[in-house]
Every structure is written in C-alpha cells, then in structure tokens.
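There are 2 protein chains.
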Amino acid sequence: MSQTLFDLHKAKLDAALNALRTRDYYSAYAESPSPRKYGETADKDGQAAFKAHLNRSFELDMPGITGEAGSEVSPYGFELGIKYPTVDIDILLPAMNEARKVWRDIGVQARTGICLEILKRINQHSFEIGYAVMHTSGQGFMMAFQAGGPHAQDRGLEAVAYGYDAMIHSPAAATWTKPQGKHDPLVMDKTFTVAGRGVALVIGCSTFPTWNTYPGLFASLVTGNPVVVKPHPAGILPAAISVKIAQDVLREQGLPPHIVSMVIDADPAQPCTKALAQRDEVKLIDFTGNTPFGDWLEHNCHQAQVYTEKAGVNTIIIDSTDNFKGMIQNLSFTLSLYSGQMCTTPQDIFIPAGGIETDQGHKSFDEVAEALSTGITRFLSDPERAGMVLGCIQAEVTDKRIDSARELGEKIGTVVRESDRPENPWFKEGRMRSPLLIAVDADKEDAYMEELFGPISFLVRTASTAHSIELAHKAVKNHGAITMGCYSTSDAVLEQIEEAALDAGVALSINLTAGVYVNQSAAFSDFHATGCNPAANASLSDLAYVANRFRIIQSRKHA
Amino acid sequence: MSQTLFDLHKAKLDAALNALRTRDYYSAYAESPSPRKYGETADKDGQAAFKAHLNRSFELDMPGITGEAGSEVSPYGFELGIKYPTVDIDILLPAMNEARKVWRDIGVQARTGICLEILKRINQHSFEIGYAVMHTSGQGFMMAFQAGGPHAQDRGLEAVAYGYDAMIHSPAAATWTKPQGKHDPLVMDKTFTVAGRGVALVIGCSTFPTWNTYPGLFASLVTGNPVVVKPHPAGILPAAISVKIAQDVLREQGLPPHIVSMVIDADPAQPCTKALAQRDEVKLIDFTGNTPFGDWLEHNCHQAQVYTEKAGVNTIIIDSTDNFKGMIQNLSFTLSLYSGQMCTTPQDIFIPAGGIETDQGHKSFDEVAEALSTGITRFLSDPERAGMVLGCIQAEVTDKRIDSARELGEKIGTVVRESDRPENPWFKEGRMRSPLLIAVDADKEDAYMEELFGPISFLVRTASTAHSIELAHKAVKNHGAITMGCYSTSDAVLEQIEEAALDAGVALSINLTAGVYVNQSAAFSDFHATGCNPAANASLSDLAYVANRFRIIQSRKHA
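As you go down the protein sequences, you meet chains A and U in turn.
Sequential numbering from 1 applies to the first sequence in UniProt numbering.
Sequential numbering from 1 applies to the second sequence in UniProt numbering.
It should be emphasised that the hints constitute simulated quantities derived from the structure, not laboratory data.
From a predicted model like this one, the values you see are computed outputs, not experimental measurements.
Please note: incorrect hints may appear among the correct ones.
Identical chains blur together in the list; that is why a pair holds if it fits in one copy or across any two.
Said to hold, decoys possible - Straight-line Cα separation of at most 27 Å, BS3-like style, residue types lysine-lysine; simulated pairs: (1) 10 x 178; (2) 557 x 474; (3) 178 x 325; (4) 37 x 182; (5) 325 x 557.
Starting from the given sequences, assemble the full structure and let the hints guide the process.
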C-alpha cells in the first residue's frame, strides 16, 4: 500500500532529485493561490476550515494525553481560543521509540511514498494552513499562503528528496566476490539496512511555523525517525494541522499515527522543551529560534545530533550601482516584507561616508539614506499593499524593541525613517509597524553588530567600501548571517566582496534590482544558511542536513 | 598541474565510486607484499628505509618548529630513537587556517587529484610503512603491511571517493529560470563553492596508526580542510612518513606543504591534545581511542564536528552449527589475530549452559570451551605462524591487564585457556601473549560487560540462546560494539539475532567458518562501525562521514 504511494509520487520525486542536482528553478506546489490552481472554492473553504478550528479542542492521536492547553493570539487582534492535547512524555516517547521498528521495516521506498503523500495532503490544505500561519505569525495572507504553504512544502519535498538520495547511495543488498588466485573466490552475501537514529524532535518558531518546521520534520521522518514537533507556543495551529494530516496518512497505511506527534507546554510559563531535548530517546533535534537556546541545545544534548538556526546580522554593502532606482525599489520591498521579521532581512547597510557613484550621478550618504526612506514610504503608501506586505508584528517584544531601537538611534545617530503604525485595512487591531531606519557612524558597533529582530535597519557610514567589506565580514564571522547583499559596478570590488562572503561563509546576492530579493530563497536552488557561521550550524537542505539522520546496519554471511 | 593528477587517477576514482555503490569486492592497492606486485627489491628497500629513520631526526616542513621530541619503543624490544619536530601551535594553526583559501580555490577536482597522488605515493612506501607500523603497533609484519599499508590506503581512497561524490552532488554553477507567465522569466546566475570548515584534527591510536588515521585525514583533506595529525605518542613514525609524503606532493603542486601537518607532545607527560582540540581554528576532529577521552571531545569541543571511535564490547552468539570444525578454526584465528588488540575482536562469547547442537552431535558448554581452547593452541603451535599472527602486545598496560583479568577469572569463573608468552622466532625481546579464555556464568556482567582490551575473552554460560541474544543486545546498547557474530542453523534464531543487531545498531557476521573473519572489514563493502551505539559516533566511511566536512557557499546575480 505504501509502495503504491511511492509509485504514485515517483515522478515528483524524480523531478525534485533532478532539481537538486541542476539547481535550476523547480517548484512542486503552485505558489499562486489562484482558483485555477487550487479550485474555485479553495479560498472560502480554507478560511472556513481555519475558522472551524477557533475556540475548540484540536484532536491529535497520541498515547499519554493528559489534558489540553493553548493560548494563541492572532497578531491581527483576536484570540484563537484553540486547545491542543497535552501529553505525558514518559508515555509518548517510549511509544514513539517502539514505533521505530515498524517505521524502519517498511523500508526506504514506502517511507518516501508516505512522506510524499503527507506533503500532497498538506498542499491540499494550503489555504487553511495559510490562514493559520497568517493568524499566528502575523504575515500578510499572500506571504502566509506562499511561504507557509507551497514554499514550505517545497522545502519539505527538498528534504525528502535529499534523504531519499542519501539512503539509496548504498544498495540494500550486495554480493561480495573476492578472487583467491587459483582457488575458489570468497563470496559473501550482505544486506544493508537503513535505520533511523531514534526519535527526532523539531522545535518550531513563531514567525515561520511551517517553513522552518517541514525541513527537519521530513528529513528525519523519511530517514526512519519518528518525529515529535514542539511548536512555538505562539504558533501551534499550523504545526497541529500538519501533524494531524501526517497522522491521517500513517493511520490509513496501518501504521501507528504517533510516528508523527506534537508536544506543547501544559503551562507556557514552564516550557518542557529542555526536558524533551535531553530525553535519551531523542537522537535528532532541529531548532529555529534564539541564539542562547540554540547554543544551549548544542552544548547540552550530547545524546542527539543538533541542527540549529539562530540569530544573525545580515548585511548589505553598497559601493555603486548602474540602477539606483532598481536598487532602492528592491531594498524598499526587502525591508518592508513581513516588517523585517525574516531571518534573512538585512539589518546593516554599509555605505561609504563619501557617497556612491550611480547612473543618476554621485549620491551622498544622506541622499542614499533619504532615497531609501522615501522609497519605503512610497512603496507603503497604498494601505492595502502595506497591509499585505508588512503584515503584523508577531510578538509584543518586537514591537517594543522598535521603540527602544529608535531611542538608541536618536542617541547615537540619526533616525532617517520613523517606524509608524499603519492601520490594517481589514483588521483594525492588527499590530502593524513600518521599517525604522537609523543612520550611524561605523564606530557604533555595539548597536548595529547585535541582532535587533524586527523592522530595524542601520545605515552605517563607513570610511570606504573596503571598510564596509571589513565590517560586513566581521558581522558574519562574529555574529552570524544568513544573507549578504551587495551593489557595485566594479568587478574588482565584487571580487573582494565575494572573497569576504566565501571566507566568512555566507550566501551572497549581487546587484539585485528586479523581482528577486535578498531575503528570499528558492527551494531546490538556494541553500538557506550555510552552516559555517554562527547563525546556523546547518543548511536547509544539503547532503549534510540528511546524511547524519540515519545509519546503515549491515549483516553478512557466506554465500 | 593538479588537474593533471585528477585526470591521471580518474580511472581509480571511478572504480572506487562504483564499488561504493555496488559494495562488491574492490581494492585499489595490492594486498599481497609479493615482488610481482611491488617489485623485486621492495621488501629490502622498505626495510632499509625504515632502518634509516632510526636514531635520527625526522624532518617535516611546518612553520613554528620549536625543537624535537619522540620516545617510541618497538613492542619487539628496541627503542626507535627517532626525534620529530615539535611546533608552536600558536604559529602553526593560524598558518594552516590561512592556507584554507588556496586549498579551497584550487577546487574539487584538483584537491581530489592531489589526495589520490598522495595515496599512490603512500602505496609505493607500503613496505617502509609496514615496518613502521610493525615496530610501533606490535603487529606481525604481514598484518602490519596489509592493514597498515594497502588496506589503510583503500580506506583512505574510500574516504576520498565519498568526499568527492558528496562535493559534486551540487553543481559548481547553475542558471535559474523562473517563468513569469506572459512576462519575461526571472533568470539568475548562481555559483556554488565548496569550502572546508576549518582546520581538521586527526588524533591517531597506537594499534592502527595508519588504518584509523587515513579515513579522517583524507575525508577532511579532500573536502577542503588543512589537516593536522596528532599521532599517538607510541605510534608516530607511520603518521610522520605519511605526512611527509603528503607535504612532498603539496610542495610539488606549488601549495603550502603545511596543509598537512603533524603535532606531537613536546613532553608526553603533558599532552597538548586537549588544547589543540579546543582551538577555534579546529572545526573537525577525528579520534580513535579510549572512551573517556572520546566522550570529553564530544562534550567539550563545541566549535568542532567530532567523529569518534571508542571502546566497545564485541560479542559472539553460539546457538548451533553445521560446521563445528570450521567455526572453531574461524574463531581461533579471530581471537589470535594481533593478540585480540583489534577494536573488532570479540570479547564475549555467549553459549547456552545446556550446550549446542552441531554436525558432530551435541556439544556441552565445556566441550565448546575446550574445543576453542585447543583450537587456539593448535593454531599457534607453529612458532613462526604464532609470531606472524599474534604479533606483540603494543602497550605494557595491556600486558598487565591480561594478568589481572586472569586473576579475576579464577575468582569469578574458570580459566579455560592460559595466556602464555610465546617466544618470537625473530625478536627474542618481543612482548608476545596468546589469548586468555575465561568461562563465567551470565550473572558476572560486572566483569565481561566492560571492555578489557587485549587477548582476553569470556565464554559466558547463558540460560538459553534467547538469553544470549538479550545479553549481546545489552552489550551493544550499553557498552558499544563494532562487531557481532553468531552461529546458528535455525532461521528463526537467526531472525531474532538479526533483529537484535538491527535494533542495537551493530554489524552482524553470520556463520563465518571460512576465510572471512568477524574482526576484518573490507573497504568499499563493509561499513566499519555503525555510528549508532556507544562504540563510535560515525562509520568509516559513509556519506554521513564526509557530508558535514564542507559547506556550500553560494552567490547569485541577475543573468
């Protein structure tokens, strides 16, 4: 039955495997929420399904359920009122560990087929999940649909494809024939069984509750590990819907549904994440979130392989441009998108004090700053577009950080653009903020070399582009980064920037002026994070992300 | 020039890549020390080269040399008298780190070609290295030549092939074309650069100074990391010769020779390994040795990815056999080989108290024990064969452990076979010991569930084969193991044993009665260690062993 699923989805898997190798554009799930792609009633049905979850108990199929909890609040201004099951991990984890055997024994193809079926069903729920992502993360609907739906599904498929490719790198069986000169050869029959490493824990974040959860979930699942998802307390619903879909597919296949489970804190004031992460059954951990907790996981969970994505300081180096307008438009969108709450949003923009050369002639530092400020304001002048692009501020603490950063900015530099509170056309209570821009001198490293999560960016006045490169390199090396962008018309300068990015280990985007943005990465082509600077110890996805999630156990005997 | 090396060795690389995928027999370097393979004077020349090293200073090309040290003693009874350079790691490591750029920039194929050339040259020094391994590890010459020479080289090639395969999984460049409906597509040019993670440290052991060093060395080197080898103080020469050969090849290619370096303790009483392992430049560590130090590395070197092979308790389950003679002969050789000083030698042999069924009729526990004791004694009755197979005891502490194990055995069980001190026909001072066999009841877990490194084995009297399986499973899970062997004529029993091996995560050898032994593993076909029990956190070699040693750094721009 599971084998049928593998055959059913084989073409999609092959296309994904091909995309990994070529890294050309590929997407398995339509990114447009158009009725032509998802059906005439998909939006209405998805919204209804989302609303049907509100103020009710959400059911999952797990041993050891003890009660229920949950206190999510939409950043758009209302309580979700959903209660999810709480579980006794002393019952759940041994049961999940027990399920390893059956999950191992169905084999590589059956597991892969099941993962692909789960992704297909998740895709069919893209609108429902999109609204769930919107009302937990605060993203605008279009972004919540795309990044939380098809783009996240693509990242999940990418992880499945990498995992499958790594698992079939060795054959399931082999005959070994060693010549012995004149004598008969030695002949051995061997089997090689892929075994997961244990129970896998995936710790989600509040801003991208599916996009940052699916890669770890599917990478661990396809390689033979039961997976327990621990969503962020503020973003449970998108994970819960995904887990429920996985459980449905597993049950239909005659497998224990709790091979994919979810644990939440019975009391958010007393998180169970540390206890969960140090359980002996847990051999794999994926985490997206703050640096102190990521570091704690890396340093204290010796029984597990730990994959982390943590804080960082993303940078842009502006040296010169032959398309000033395109650059400003590109950066205006980049800084506005989801109010800078992406782990890929640039925080520090380095500009020489003497200004830059452009196709519009020389521009002083202040003129560049002013153009960016105006560009953002103009871009956000349409309230509907502002509502869609900015979305809401996920957490109150981020909202407050904008105000404290403004105070700091006034003290140590100049506030180039105020972060105002636009009104959301559809949700009057939505917590909206526009980007704050602060100009500072390069010596104010204490301020701009620390991650200030949210729509807060520094325009840093440097002595020269060489100085900008030096500071950007330092930001990556010492504070981590997932993205670096640059603008220059000089090949020599670009070469220096490329070397800095390579040496520090960060993905570089060069002269983006059209419809590709430094904070966006495309599954199957762009590696999200490199794993070689403090912002992350792994990349989504590459071979290193999957190869350590399983082991090969061999047996041999004389033929 | 390096590209030429890649082309030169491409056929060998392709054969290795094919072997990894098929896991059929393959060996790139002749395992027979025959003049037809290595030349008429190879043995004499190799022995002369080995002797020329004695009582002299060994030169290596590294920045920061401060003096010299070294106090190796051959287990065959003489001092080597070789002095090796000591270095200031505050000078060496930054220089190695600096060399990362050039080592990265020459690219995947050039690095691969250089690694293959180093292996070819090492192969040409197989006799010299064989004698060096013999007179540090104490192995008999034939084993020192094979395991320390061609078999180690095969493991090195295996690591190179895996590393190469992992690196070319992503293309070096790609064009990404995303359709935009009626509009022009978005087109991006992308590059993907493989970058090593930093300086790699390889910590060698005294018993297999090349076999356990080459996989880590070549896996890290080919993937772009300069490598510093820290050999065991008792087994420096084989590593030093290998490092020198690597330096020669690097220098010829116009590269800094210290891309491969060696550090030894200026004072063996004050090892520098911990300091070295915690250096910020060091991002990869490979270690073979004792469990406490392996655990220390895993728990304290957070800046590095750590690969360890540690202690374990290997087991044999004897249930029944249709070839009693073959079983006894096979186990006699297995326990004798290198006096049980292999990380793959069985320590615990589980036999039901009620005896076993065989092709020679029922055999009681005592009859099986007696047959094994006699089998070993008969096998070692030829002094030259005994000298060749047993070799010498590498460390005095192992010698003493045999005596204390004998005392313990007498107290808690029965000494079935005494470990005597055969005289080596060629080296009268050689520290030789034959296998000690102790019969104990199954409840003496305190004794037999702890690794007693050396020629010490327990015949454990169990209630039944089911009990044997339970204990063997426990040994792997709680104490680690690299090998498990079993003998049974029952498919049902074999199925139970296979499930136990799979669940605990250990390689299983079934009914070995002919020329393949449980303690031997063949490169390109057998995975050495699984990485999923306490004996090792990695396998030599698989994708997981190489995929985490490099990162992919991308850049992108509009086409």
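Quick rundown of the hints versus the structure:
1. 10 x 178: between (36 Å within a copy, 23 Å between copies)
2. 557 x 474: Between copies only: 23 Å across, 56 Å inside.
3. 178 x 325: Answer is between; shortest inter-copy Cα gap is 23 Å, intra-copy 68 Å.
4. 37 x 182: The answer is between: 17 Å across copies meets 27 Å, while 67 Å in one copy does not.
5. 325 x 557: Close across copies (17 Å), not inside one copy (70 Å); limit 27 Å.
Checked against the numbered hints given earlier, this structure breaks none of them.
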